[in-house]
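Going down the list, the sequences are from chains A and B.
The numbering of the first sequence is this note's numbering, which starts it at 1 and goes up by one.
The numbering of the second sequence is this note's numbering, which starts it at 1 and goes up by one.
Mimicking DSBU-like on lysine-lysine, the simulated pairs with C-alpha atoms at most 30 Å apart in a straight line are:
id : chain 1 : residue 1 : chain 2 : residue 2
1  : B       : Lys327    : A       : Lys108
2  : B       : Lys353    : A       : Lys12
3  : B       : Lys238    : A       : Lys108
4  : A       : Lys276    : A       : Lys232
5  : A       : Lys9      : B       : Lys204
FYI, nobody ran anything at the bench for these hints, they're computed from the structure.
Protein chains: 2
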Amino acid sequence: MKKTENIIKKAKLVSGRILRAKTNQKNKALLAMADALQANSKRILNANRIDVDAAKGVISDVMIDRLMLDEKRIKAMADGIRQVADLPDPVGRILSTHTLPNGLVVEKTSVPFGVIGIIYESRPNVTSDAAALAIKSGNACVLRIGKEAFNSAFAIVEAMREGLKTARLPAEGVSLIEDTSRNSAEILMKADGYIDLLIPRGGKQLINSCKQNATVPCILTGTGICHIYIDKSADIDKALKIVENAKMSRPSVCNAAEVCIVHKDIAQDFLPKLKKLLTDPEREHICSFLLDDASSKIIDGGQASYYDYDVEFLDYKLAIRIVNDVKEAVEHISLHSTNHSESIISEDKKAIKYFTTNVDSSAVYVNASTRFTDGGEFGLGCEMGISTQKLHARGPMGLEELNTYKYIVTGNGQIR
Amino acid sequence: MKKTENIIKKAKLVSGRILRAKTNQKNKALLAMADALQANSKRILNANRIDVDAAKGVISDVMIDRLMLDEKRIKAMADGIRQVADLPDPVGRILSTHTLPNGLVVEKTSVPFGVIGIIYESRPNVTSDAAALAIKSGNACVLRIGKEAFNSAFAIVEAMREGLKTARLPAEGVSLIEDTSRNSAEILMKADGYIDLLIPRGGKQLINSCKQNATVPCILTGTGICHIYIDKSADIDKALKIVENAKMSRPSVCNAAEVCIVHKDIAQDFLPKLKKLLTDPEREHICSFLLDDASSKIIDGGQASYYDYDVEFLDYKLAIRIVNDVKEAVEHISLHSTNHSESIISEDKKAIKYFTTNVDSSAVYVNASTRFTDGGEFGLGCEMGISTQKLHARGPMGLEELNTYKYIVTGNGQIR
Numbered sequence: 001m002k003k004t005e006n007i008i009k010k011a012k013l014v015s016g017r018i019l020r021a022k023t024n025q026k027n028k029a030l031l032a033m034a035d036a037l038q039a040n041s042k043r044i045l046n047a048n049r050i051d052v053d054a055a056k057g058v059i060s061d062v063m064i065d066r067l068m069l070d071e072k073r074i075k076a077m078a079d080g081i082r083q084v085a086d087l088p089d090p091v092g093r094i095l096s097t098h099t100l101p102n103g104l105v106v107e108k109t110s111v112p113f114g115v116i117g118i119i120y121e122s123r124p125n126v127t128s129d130a131a132a133l134a135i136k137s138g139n140a141c142v143l144r145i146g147k148e149a150f151n152s153a154f155a156i157v158e159a160m161r162e163g164l165k166t167a168r169l170p171a172e173g174v175s176l177i178e179d180t181s182r183n184s185a186e187i188l189m190k191a192d193g194y195i196d197l198l199i200p201r202g203g204k205q206l207i208n209s210c211k212q213n214a215t216v217p218c219i220l221t222g223t224g225i226c227h228i229y230i231d232k233s234a235d236i237d238k239a240l241k242i243v244e245n246a247k248m249s250r251p252s253v254c255n256a257a258e259v260c261i262v263h264k265d266i267a268q269d270f271l272p273k274l275k276k277l278l279t280d281p282e283r284e285h286i287c288s289f290l291l292d293d294a295s296s297k298i299i300d301g302g303q304a305s306y307y308d309y310d311v312e313f314l315d316y317k318l319a320i321r322i323v324n325d326v327k328e329a330v331e332h333i334s335l336h337s338t339n340h341s342e343s344i345i346s347e348d349k350k351a352i353k354y355f356t357t358n359v360d361s362s363a364v365y366v367n368a369s370t371r372f373t374d375g376g377e378f379g380l381g382c383e384m385g386i387s388t389q390k391l392h393a394r395g396p397m398g399l400e401e402l403n404t405y406k407y408i409v410t411g412n413g414q415i416r
Numbered sequence: 001m002k003k004t005e006n007i008i009k010k011a012k013l014v015s016g017r018i019l020r021a022k023t024n025q026k027n028k029a030l031l032a033m034a035d036a037l038q039a040n041s042k043r044i045l046n047a048n049r050i051d052v053d054a055a056k057g058v059i060s061d062v063m064i065d066r067l068m069l070d071e072k073r074i075k076a077m078a079d080g081i082r083q084v085a086d087l088p089d090p091v092g093r094i095l096s097t098h099t100l101p102n103g104l105v106v107e108k109t110s111v112p113f114g115v116i117g118i119i120y121e122s123r124p125n126v127t128s129d130a131a132a133l134a135i136k137s138g139n140a141c142v143l144r145i146g147k148e149a150f151n152s153a154f155a156i157v158e159a160m161r162e163g164l165k166t167a168r169l170p171a172e173g174v175s176l177i178e179d180t181s182r183n184s185a186e187i188l189m190k191a192d193g194y195i196d197l198l199i200p201r202g203g204k205q206l207i208n209s210c211k212q213n214a215t216v217p218c219i220l221t222g223t224g225i226c227h228i229y230i231d232k233s234a235d236i237d238k239a240l241k242i243v244e245n246a247k248m249s250r251p252s253v254c255n256a257a258e259v260c261i262v263h264k265d266i267a268q269d270f271l272p273k274l275k276k277l278l279t280d281p282e283r284e285h286i287c288s289f290l291l292d293d294a295s296s297k298i299i300d301g302g303q304a305s306y307y308d309y310d311v312e313f314l315d316y317k318l319a320i321r322i323v324n325d326v327k328e329a330v331e332h333i334s335l336h337s338t339n340h341s342e343s344i345i346s347e348d349k350k351a352i353k354y355f356t357t358n359v360d361s362s363a364v365y366v367n368a369s370t371r372f373t374d375g376g377e378f379g380l381g382c383e384m385g386i387s388t389q390k391l392h393a394r395g396p397m398g399l400e401e402l403n404t405y406k407y408i409v410t411g412n413g414q415i416r
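All chains, full assembly: derive it from the sequences and hints.
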């Protein structure tokens, strides 16, 4: 097993070559990486079978499904890389330029971070996604996957490295940490001077561990306790359609809604309709409800404790809270939100303005589903995760968010 | 003494009112803060006298000079606040807007962080600077000054709070931590959910402590080990003038140069001239030199150890290193720089391109002094410190850097 520290150091060592690579060289590498993935699909599938066999009975069926690869999924991964090749190169954009009175030209220029570390769980496809985004944005990357998917990721990385070499870029531009114990994650978190940006993608425990332990710069991609507030002025049809979509279309993802906050004046009309819609026996899945005192007088359901509003259910389960006005809705959100995505359903400009100004989340929606918080949906063409912090990047992170900037200041002898 | 936790919580509680304040209300508050500073100058000077008397014999004369206030300095502080009132409001800028195919309008909008914590040392004027920048950028602020300047800062904050109240903004928008022990700094570093951004301004020890201990988002404002590389193609007159300025004009600041790297082909000509210029007996201050082996064969001076290149001298002292080419110069900088500011003096486009591409610092200069890395000089109109990290803000931070963004997404019933 290669030492984690050595893998990280090698990545730093070659990062300059990735940083300096021209757009067409990076694109050539990406296309070669995609081709190599498909050319090595047999090897990757064999490795994946080892992972899946070992995981059976250990992790849930949903997780096994996420872990499992087939020819179609490998092709999708390769096509994903090809799509990244088509995106504009974020490196070297002049973000602003101005000439000072003394003639100095100050250019704020986008540049890669250097080495990006990504800690993620057992989804082999994240391996190729993350690597493609790192390379395109001029960064070397060090990947650290959960042990359940290690063999799959190793085979995928080996194939991608072939592609890098084909385009005369260093194979170490994409590296996989071989130690899957907690130790290697901690080494990544403290690799000052080597890891320029660390992106933990995973559960609460991983994110918290980064928060507590990391000394390298991190972007936390958090959980999503997303709220939809139904204002008294709401169009009830829109409201029903949006809550149905936000809760039921894919409850396992972070942009799904967990809580519906309802204005008291509309609750009597809205809640029975919502209940009927989400518990229709014709549905494939039925939603269960967790109710506060006020809403339990209108519809049936379980009783919500204060702490139920702090849970990301990731399930066909919706907590309900009735409030007196938009102000109280915003207060509830401030206390319980993870600052991911919230939506107001309202036809009242004043309530909308109050909500969008005071809700402190990455994405604040007006009359739309929270499910749109996604790099692809936002038109970024890709996504390295969804930041729930305020520093540097907020919400879906695409290629531009994987760059920082520096000032290049050109003069002809100016002194101060 | 008020409990640190309570001060922080109160700041969070009122931060919404600062966030929502309109530009003219914030400006009114700033002007009232400036007026109140001058109106209370007697009280502030009395408090300052207590600090200065206590500090005599305890801290250096340079530090005492930084600590000392007089009518003129108070007026300068007030004028500084008035200048911030004149700057454009950074809040609510639409950074980008696009309409998705489904009609959703996605607006990336600049918003305040919420509560900014600032830990700084014994410079009372930073109190008013930082508070003005925080308020103008829509943030509440919690200030934590070193104990030597506490009485001065307390009187300054009391005056500014009067100003806030005059403009009907909450006094707790600007707060001073009353506990000046290390404990309060640590509470700030771990105030998750209350401190939205922490800016430590101080020495290596403070910055390191933040790096190790902070769980809230931080922007590290680091030390400056700044390099000037004299390429073989350099215009020697420019080079001399620039090194003289970068080293000698104000060696105590972070954008002063500490190291001069010289191409071997020009060293024989350049170094004796530099030595003559910087040790001219007519000068008020004489520069001393720390030399590597190669340069010690050309001029006289002390011997530089490897570790001397990792010291921010903040003094009339310059380390010299001779290299074979620009590549070796960049390697030296990668190993020893604090990523603050570096400059190349060269007339060779290729060398310049190599240097600006590969030097990974906040500001990279071509034929100019490193001393320009400063919010005022960069045309930001102000400065909250100089970031040496890559996340969020790099180099001088003005009002825009004290904002984050959120996506406001407006629809009419869109679902995914």
